[in-house]
Amino acid sequence: MTSSHDGISRRSVLKGASAAAAAATFGFPAIVRAQSATSIKLGIPTILSGRVAQLGISSTNAVKMAVDEFNAAGGLDGRMIELLIRDTKAKPEEAARVVRDFINSEGVDVVFNCEASSASFAVQEVVREAGTFCTHCCSETSSLSADPAIHSENSFRFARQGIHDAVASATYAAEMGKKKGIKKWMAVSPDYAYGRDSVEQFFNVLQQVDPEAEIVGYGWPKLFEPDYTQIITQVLQKQPDAVYSALWGGDLVSFIDQGALYGLFSGIEFFGINLADYTTMSAVRELPEGLHSGTRYIAAFPDTEANHAFDAAYHERWGDHPTNWAWQSAAGIDFLIAAIKETGSTDSGALAEAMRGMKRPSPFGADGTLTMRAEDQTVVNYALGWGTTVPKEPFLIDIASTDWSTVYEFETAWKKSQGYI
Amino acid sequence: MDLAALGDCLGTSSCLIFQTVGGLKIGLLMFLVASGLTLIFGVLGVINFAHGSFYMLGAYLAWQTMALTDNFYLAVLAAALGVGLFGVLFERGFMSRVYRGDVLVQILLCYAFILILDDLVIIVWGEEFLSSLGIPDAFHRPPLFVGGAIVPVFHLFIIGFSTLVAVALWLFMTRTKWGKITRAAEQNPLMVSALGINTSLLFAGIFALGSLLAGLGGALAASERSISSGMGFSVVLESFIVTVIGGMGSIGGAFVAALLIGMTRSFGAIGFPLFTDGLMFVLMCLVLVLRPQGLMGRSGG
Amino acid sequence: MKHETFLKDVAIGIGVVLLLALLFQVITDPGIHDLIIKTCIFGLFALSLNLLVGYLGLVAFGHATGFATGAYVFGLLMQTGTWTIPAAMGVAVVAAAALAAVIGAFCIRAREIYFAFLTLAFQMILYSAIISFVSLTGGDQGLMGGYPKPPFLGIDLSRPFDYYLFVCGVTVICVILLRQVIQSPFGYALRMIRDNHERSYFLGIQVKLYQWIAFVIASALAAVSGVMMSLFVTGAFPNFAYWSMSAEPLFMILLGGMQTFLGPLLGAFILQLLNDLVTEHTRYYGLVLGLVILFFILGLRRGLLDVVWDKVSDRRRKAGTVRPASPVTGDAEARERS
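Protein chains in written order, with this note's numbering: chain L, 1 to 421; chain Z, 1001 to 1301; chain H, 2001 to 2338.
Each hint should be verified, as a subset may be incorrect.
Label-pair restraints from in silico Cβ distances [what the hints assert, rightly or not]:
#1 L:406 <-> H:2160: 32 to 40 Å
#2 H:2027 <-> L:78: 27 to 35 Å
#3 Z:1124 <-> L:357: 46 to 54 Å
#4 L:406 <-> Z:1074: 47 to 55 Å
Where chain H lies over chain Z, by a calculated footprint (3+ residues, C-beta under 8 Å) [said to hold, decoys possible]:
#5 1075-1089
#6 1097-1103
Think of the hints as simulated: they come from the structure by calculation, not from any bench. We put the CB at the ideal spot given by N, CA and C, even for glycine.
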């Protein structure tokens, strides 16, 4: 039973979820227990409301696809996966409460965390104390898995990471820089942890691979800033050769629309790491040609049958393209199901043991496979690349993929510089 | 903090023009929204805390009209009128019931509407942000080069249009009968009703006009800003700051304060890039402490 | 007389704590425990705000300033690993009171809506500072990585029962203290200021001073709830200082009732329950909450406990036993609310 919030069919929400919740709340415990004794419970704390609701919706969409398939095939010897999905409204303390509730009251076997960064750290605290098996599928903050101080034996991250992205961005940027004679760089990035880290790590790696790269200025709009005029005018006056930006979603769209009024993109190379998301690119009024973007999720990269099939299946069921969070959650649930099948159990320690070092074929892998790295329990070898935009589908062309050996090299150096190893 | 950069900017004509035009555009858009808020406060004595949500509604209505007709001007008009109508319904159906309640009840009523409207637009238009309206075809032309600075033609349109609205408001308040009644109601509501003027009608009309301005601001802003649930909150905060600094109820004050904030944002981004928001709140605190009635408000608060 | 009510309060308080302790043993569902814990935390938060809103007539829209200061100062001290919990808690409360003393000195000069905005503005400055001061506060990520909770007096807060009882106990103590404040001559003076500003002046009450003291007390108690919240999440997050955190206790006051002493506590319980139940069923929590608020404002026109109390006192009056309208304020009906 996937009783949850659907977003599309509200009626099924009210039927499914409320039946379960009403039973739990108003006391027909016998029925619920009888059913749940055999099911494998996954508790998903995520954001379903407000302006980043897409995070939770696309993540849970991907999970539901895999779970339905697993259940249709008979589950684990008849044990079906049951999803408990809760909206935490982007509040860390609410995420902590929900996860505690999952563990203590609902008795979930796995916390399948689809929270953004700050709430993910709160979730990590709870599962670390409780020892529950946990997957983080949306937080891109590197320290979540890299920092040994908050490490938990039973937590695994299935998400791209800031430092990996930074290496991919910087190596691509350095190459473009050589080709196009880019010397002077400027950053325009949202003023919060992710935006700042992204810029810092990008410039750090960039100046290692291209010692001539010079940083001429920073623009720090706040998160969800509606108006970028004063930032754009500053960029125009500093006259950099290129701009690096970690803006995303509606903010990035506003920036590009407003920048276009000034003719910003005719003289300046733009590197937007989060541009190549379907929702973002299709929302830009007139997507300028030749902007550079990292690959968030795009069906054309990796250009394999498996990836196109995932995109098509997702599109058929949800009427929408997958997002970056969707592929990450799809990878997470795929590994989790594999671990459950392999161990034949839902024991936290056994799952963790099976998970460490697991390698699986995946549509999202750089070479058709993904690996759960044992040492810091985070996913590696996912498809990483940069390309340039075109106004229509496939939106991104000339995609150059990043070499993971380079990523590992810089990642190790970064970890050392942070004192993590 | 980078005061040297700010000094450099003030000393070069290109930077001065760049930031001034940008500040004018931001400030005047802010004025459109804030003038509605201050107008309502001046006459009715209530703060419409949901004013930012009216701005959001304007943006969504404009987007919808644009999607149906592909006519920018029609979209702006429909948004302004639609939100104006919504404002009347809100005032008659809800707000008018709590005029005599305490401030807490008024704030919470408005807050309830913020919550409801934020979810309603998600239910109607989906949880993902919508793209901006884009600018009308007539303004699809290369930007102007003025004294080494780049000025988008469309920004000149926004500046000109908003100034026209400000002038029209001023003429309305000073030259028309209803404007004079409105100002009289601000001074002495009892006298106005004693003169046999239908205050319910007046209040509904003022609320309609104030809401219309919010809708107009939302629609114009949506020409180059993406649209999403929750976009109204930062706007209502800014509008409050403008209203408080200018003097609550003073249209002229709102005009001056909006430009002041626009310039603070524009030049502050150079001098204090990480504290432009804090700077606005500090300005507001200063005004509230030193001159509670605002720059152009009547004393007594 | 006063001494007697204090002893009575203490006796009731001890009874309540014992009852809650028993409840913990009887009902083993940790979800219920969390519900009670959050009701205590937010209940105290709302009760402290009601000292300003209900008893002084000052609508403070920046009450989370005290809450967040308490949580952050406590969290930062605990992260050093060298502080005991009571000491850190004491410093956190004093810090919040000191900050409130400064902010209050500015804010009480403003009246009504201006007071609301000024408190909000100061809170937003604090929020901006927390967000910008990354090296100390962790910026938007908050205080992460947890902190140790060293046992004190045999209480180990990392044990669920100890933490539960600690929160209940601290809340009850604070509630008793708050009641003492309200029933003292100082408390009566506050109500007089609320009901008749001018008369209070003539009677020689130093209105601004009294308002300022009440502001500091309310903020200090908010800091206590902030500390308990920090212990709940083993950290502190910037949305503790966001404006919506100040709106929540206002909802609670509205839902529970501002005329009755324990109204806000009931409001906190309702809001938590509403949150837990509604988010399980729909993601349109805002819509539901908005409609509930509308119902309370336009339908009931006052909080739940106020309604109950009015009913009870109506019946008493009919039965001939005339008593003041409200157990605490004594003049609730004198205050016309539309």
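Verification of the supplied hints:
1. L:406 <-> H:2160: 32 to 40 Å: 47 Å, violated
2. H:2027 <-> L:78: 27 to 35 Å: Since residue 2027 (chain H) and residue 78 (chain L) have Cβ atoms about 33 Å apart, the given range 27 to 35 Å holds.
3. Z:1124 <-> L:357: 46 to 54 Å: Once the Cβ atoms are compared, 48 Å apart, the range 46 to 54 Å for residue 357 (chain L) and residue 1124 (chain Z) holds.
4. L:406 <-> Z:1074: 47 to 55 Å: 54 Å, holds
5. 1075-1089: violated (count 0)
6. 1097-1103: Since 6 is at least three, the answer is holds.
The structure shown violates the earlier hints numbered 1 and 5.
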